[in-house]
Amino acid sequence: MLLTELDKKEKARIIKINRQDRAEIAVRLTDMGLVKGVQLELIRRAPLGDPLEVKTGNFLLLSLRREEAEIIEVEKL
Amino acid sequence: MKKPENKEILVALAGNPNSGKTSLFNSIVGTHLKVGNYPGVTIEKTEGALKYGGYKITFVDLPGTYSLSPYSPEEVITRNFIVEEKPDVVLNVVDGTNLERNLYLTTQIMELGANMLIALNMYDEVLQQGTKIDFKQLQKMLGCHIVPTIATRKDGLDKLLEHIVKIYERKIVIAKNKLGYDPQEKDPAVLAESRYAFINGAVKETVEYLDKPLKTLTDWIDAIFINRLLGIPIFLFIMWAIFQLTFKLGEYPMGWVESAIVFLSEFVSGVLPEGWFSSLLVDGIIAGVGGVISFLPSILLLFLGISFLEATGYMARAAFVVDKLMHKIGLHGKSFIPMLTGFGCSVPAFMACRTLKNPADRITTMLIIPFMSCGAKLPVHLLLIGAFFPERLSGNMLFGVYMFGILVALLSAFLLKKFLFKGESEPFVMELPPYRAPTIGYLLIQMWIKAQLYLKKAGTIILLVSIIMWGLTSFPSLPEDYPGEMSQIEYSLAGRAGKFIEPVIKPLGFDWKIGIALVSGVAAKEVVVSTLGTIYALDDADIEDEEATALKDRISSDPVFTLPTVLALLVFILLYVPCLAATAVFHKEAGSWRYTALYFGYSCGVAWLAAFVVQRISSLFF
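Residue numbers (the numbering used here), protein chains in the order written: chain L, 1 to 77; chain U, 78 to 699.
Any given hint might turn out to be false.
[Said to hold, decoys possible] Result set (BS3-like, lysine-lysine): computed pairs, CA atoms no more than 30 Å apart in a straight line:
1) Lys405/U / Lys9/L
2) Lys16/L / Lys248/U
3) Lys55/L / Lys629/U
[What the hints assert, rightly or not] Derived contacts from chain L toward chain U, CB cut-off under 8 Å, selection only:
4) Leu6
5) Glu10
6) Glu24
7) Gly33
8) Ala46
9) Phe59
10) Glu68
[Claimed, not checked] Part of the chain L face toward chain U, derived, beta carbon under 10 Å:
11) Met1
12) Leu2
13) Thr4
14) Glu5
15) Lys11
16) Arg13
17) Ile15
18) Arg22
19) Ala26
20) Thr30
21) Leu34
22) Asn58
23) Leu60
24) Lys76
25) Leu77
Bear in mind the hints are in silico, worked out from the structure with no lab data behind them. Note that the coordinates shown come from a computational prediction; the quantities given were computed from them, not determined experimentally. Positions of the beta carbon are idealized from the N, C-alpha and C atoms, including for glycine.
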C-alpha cells in the first residue's frame, strides 16, 4: 500500500521508494531519512487535507505533500 | 611581530539545517547572528575568530544541508568549501535527538576524508528523552571524537576548542577507514542505502532509546495548534494578537516620546530667535526625525513578535498549515516563511528566498514580498490609523491592513505563476522541529540590535532626507507682496513638484502634499512620516499657531483626509515599492535589471490600482 493510504495514528514500514521519473523527490526523501526499512507513523493531515505529517524514528517530524508520499510504498505494522 | 606559535586554525561548521550551527557559532565566537527554530535560517557563510591556546581559530558557519549531493546551492557551497578550502577541522554539528538522519551527512563528510570532529548538540534534549549514548563505542565506529554540547547554554565549548587544537596538532588521529561500504558506488540509490545501513548498524550498537517514547510537549502543542479544525483559526489569531500588542502596548511609550518631542520643539523655538535656523531645527529636524523616533517602541514590539515565532518553531507549522493554499496558487508552503519575515523587513525576506530551490518560485515570492507590509511602513500605518480611527478599532484596523497585504500577495502570486513564471513547484519535504523556548537574552539582544539600527537610520538617512525636504519646502521663500492666495509650501520647490505630479494621484484622492511625502518615501518609508511632519509643521508656522501639536492632530484637521482617501493612502503605502536599500538587495538577489524594473513597476502599479479601487468603493459608503 502507499503511504497516503494510511490512516491517522497508523504505523508502517517503508518497503520501497518508486523512483521512476520522480528522481528529484526520491533524492530529497533519502536525504531526509525516508529510506527502505524505516518505520513511520502518520501523525496527521494539515487542516486543508494536505500535506501529511509523519513521525520517523522516535522523534523526527516530517511534513510531505500527498504527491510526494505517493511514491512511498509501505507495509502496515 | 608575529610569534611563531601564532598559527591559524580554520574550522568549518557543517551540519543539518536547524541542528544549531549558528547557535554554537554565536556561543563560541560571541556574535549575535540571527538564529531560529526552523530549517534554513543561515543562508550565507559567515566567519568569526577567537584566540585560544596561542592559536587564532577561525570558524566558518556554513548553511545547513541534509547531504552533499550537488542538488541545491547550499549543498554545493558546503561541499566546495570542504573540498577546496580544506579546513583544518570540519566541525560536524549533529542534532542529538535525530541521530540517524543527521549522521547521513556525517558519512558523506567521512567520504571526503576530512578531519572531522562531531559536536553532538542539544544534548540536554537527548537526556530529557531518556536516550543513552555510548560515546566511546560510537567514536570508535565513526573514527572521530564526539563532544556533547548544549549551544544555547554554552555547555561543552571548552572541550570542543581543546579537541580542535589537539586535532590540529595531530594529537588526536582521525581514523579514515571506518566506512563499511564502497563510497565510489555509482548508483546513488544503492549508495544511500549502504550509508543508512552503516548508520543503523552503528546506532543500534551504541544508542539506547526508551522503550516507549514519552509523549512530548511538542506532540501536545501540535495536537492543538495544527489541529485540522483549529489550525487555521489559531494561525490567524496569532497574527491578530501580534498586531494588537504592537498597537496597544506600543501606544504608551509612543505617547511619552511624542510629548517629549512637542516639549523639545516648543523649547527650541522659545530659545532660538525666529529665522531659518530655528525653522530648520523645529520644522525640519525635530518634526521629521522626532516623528519617526516616536514609533520605535511599536516597531520593536512587532519585531519581538516575529522573532518569537521564529525562535519557538511555529514558522515551520505556519508553512505546514498554509501549504495546500500556497500549492493551489502555485507556490510552496516554504514561501510563506520569507513572507512572514517580510513583516519585519524586506531585506532579510528577499535573502531568505534563497531557500526556495525552484527559480520560478523564488522570483515570484520575491515579487510579492513588497506587499507584506514591512516594519518601516508600520509608522505610517500607525500615524494614519491613530489619527483617523477610534481607539477601539485601531488594533483590528492594523491587522486588516496586513491581511489585505497577504491577500494581494497571494492573488499576485497566482497571476504571476499562471502567466509569467510557469513551472512545477518544488517538493515539500520539510522538517517540523520540536518547539523550543526562546532564550530571553537572545530576544533582548535582537531587540537592542534592531533599536540601534532604527536609531542609526533615523540619525542618518532620515535626518538627511528631512533636512533636504525642509530645504525643498522652505525655498524659494514666498515674497511678502505675493499677489493672491498662496502658502509658502505651495510656492516652494517641493510644492511645485507636488503640484506637477498631482494629476497622477488625484484619482486616489491624494493632494500634492501627500504626493511629496510618497515620493520621498521611496528613499525609506519612515520618511513619509517625517516629510508629512515637516510639511505640516511649516504649515502650522504659517498660520502662526503658537502651540506645537503632535503630527497626528495636525493631519486629522486637514480636510483633504476624508475616510476614502485615508483608506486609499493606507493601501497605497502598504503595497508600493519598499525602500531603496531593499530595492538594491532585490536587484542583487534577482540579478537582472528586467526583474528589478518589473518589481518597481509591478508594486507601484498594483498599489495605484488597489488604492483606486478602495477609494472608489469606499466613496460609495462614506
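Verification of the hints:
no. : hint               : verdict
1   : Lys405/U / Lys9/L  : holds, 27 Å
2   : Lys16/L / Lys248/U : violated, 45 Å
3   : Lys55/L / Lys629/U : violated, 53 Å
4   : Leu6               : violated, 16 Å
5   : Glu10              : violated, 16 Å
6   : Glu24              : holds, 7 Å
7   : Gly33              : holds, 4 Å
8   : Ala46              : holds, 6 Å
9   : Phe59              : holds, 5 Å
10  : Glu68              : holds, 5 Å
11  : Met1               : violated, 20 Å
12  : Leu2               : violated, 16 Å
13  : Thr4               : violated, 14 Å
14  : Glu5               : violated, 18 Å
15  : Lys11              : violated, 12 Å
16  : Arg13              : violated, 13 Å
17  : Ile15              : violated, 13 Å
18  : Arg22              : holds, 9 Å
19  : Ala26              : holds, 8 Å
20  : Thr30              : holds, 5 Å
21  : Leu34              : holds, 8 Å
22  : Asn58              : holds, 5 Å
23  : Leu60              : holds, 5 Å
24  : Lys76              : violated, 20 Å
25  : Leu77              : violated, 15 Å
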